[in-house]
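Visitor: The primary structure of each chain is shown beneath.
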Amino acid sequence: MRMTRLPPEIRPVLESGTPAVMVTCSADGKPNTTVISQVYYVDETHAALSFQFFSKTIRNVRENPRAYVCVFDIRGQAQWVLQLEFQRSETEGPIFDAMDMQIEAIASMTGMSGIFKLRAADVYRVLSVERLPFSSR
Amino acid sequence: MIPGKILRFLEQHANVAFAGSRDRDLVPRGHKVCGWRVAADQRTMTAFVAEEFTAGLVESLQDNGELAVTVEEFPSHETYQFKGRYLSDRPVRHDDVEIVDRIRKRFVRSLRTIYAGVPEDILGAFVSNPSLAVEFEVLEVYLQTPGPGAGTRLIPPVES
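Protein sequence lines correspond, in order, to chains A and B. For reference, each letter of the first sequence is one residue, going 1 to 137 in my numbering. For reference, each letter of the second sequence is one residue, going 1 to 160 in my numbering.
Think of the hints as simulated: they come from the structure by calculation, not from any bench. Take the hints with a grain of salt, since some may be wrong.
Within a straight-line C-alpha distance of at most 16 Å, the following computed EDC-like cross-link-like pairs (lysine to aspartate or glutamate) qualify [said to hold, decoys possible]: (1) A:LYS30 with B:GLU137; (2) B:LYS105 with B:GLU120; (3) A:LYS30 with B:ASP25; (4) A:LYS30 with B:ASP63; (5) A:LYS30 with B:GLU140.
Given these sequences and hints, build the entire structure.
Guide: Next comes the structure, spelled out in structure tokens:
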């Protein structure tokens, strides 16, 4: 079922540090797919993604604000699909500080210390969210 | 042409993949990929798309042809993105499912240390059942392993 608000059951999945995948599209119509290390729950209608490098993803969402994110929940045997729209970038404040702390923890757990570094917290509006069970269950 | 080093990565090490497409309004959409095959010419690749992620894919590909597939080895995070143009699609065959089964085993092996105590069938279920095979011509290959070199175009090489 497609929803327009992040349901409570997605929070532990987002907070588990499980990698997610993001798809964006440039203004000239080229899709770009990348693995992201963190999707941060801001509130029921907003999520924040980490901006770590000046990547194609960062350029794309500034040209075309639509984004697609898929978060995997292996224990729950499903994936969460989020349609998002880029709103703003924050380089300080409570969202940035919380993401910075979380990203350091993820980096140390995954052997990526010194590589993951938060430049900004990019805040997105949630347009839709849907839970898709794994088809192989 | 996909270089031999990356071909070996795809055939022997990579265990996770995801594709991106877009519709005529430039709205991006993602599709979990459960397996892949590179043709003998090393210019075309076939991605096996999970059955729960096929909605709208063929329509978008027939409309604009744009496809990007990112393939990763977890947990080393070695990652490449293949961008190209749609050629064809078909239902998956028995030999495609055999490739997916091999990748599922590889994926489960890679997760054992991280998800100690979680049954292997739960871990293996992450690699969904494929239902659609999408063949595309690889036009560009990018390095996406996390780090300062991420995003570097490998094929065709960037002229300095």
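Visitor: Now, for every hint given, state plainly whether the structure supports it.
Guide: Okay, the hints, checked on the actual structure:
1. Of the pairs offered as hints, the one joining LYS30 of chain A and GLU137 of chain B holds, with about 15 Å between alpha carbons and a cut-off of 16 Å not exceeded.
2. A hinted pair counts as satisfied when its Cα atoms are at most 16 Å apart, and LYS105 of chain B with GLU120 of chain B qualifies at roughly 9 Å.
3. A hinted pair counts as satisfied when its Cα atoms are at most 16 Å apart, and LYS30 of chain A with ASP25 of chain B qualifies at roughly 12 Å.
4. For the suggested pair LYS30 of chain A and ASP63 of chain B, the alpha carbons sit about 13 Å apart, so the restraint of at most 16 Å is met.
5. For a cut-off of 16 Å, the pair hint linking LYS30 of chain A to GLU140 of chain B stands: about 12 Å separates their Cα positions.
Of the numbered hints given earlier, the model fails none.
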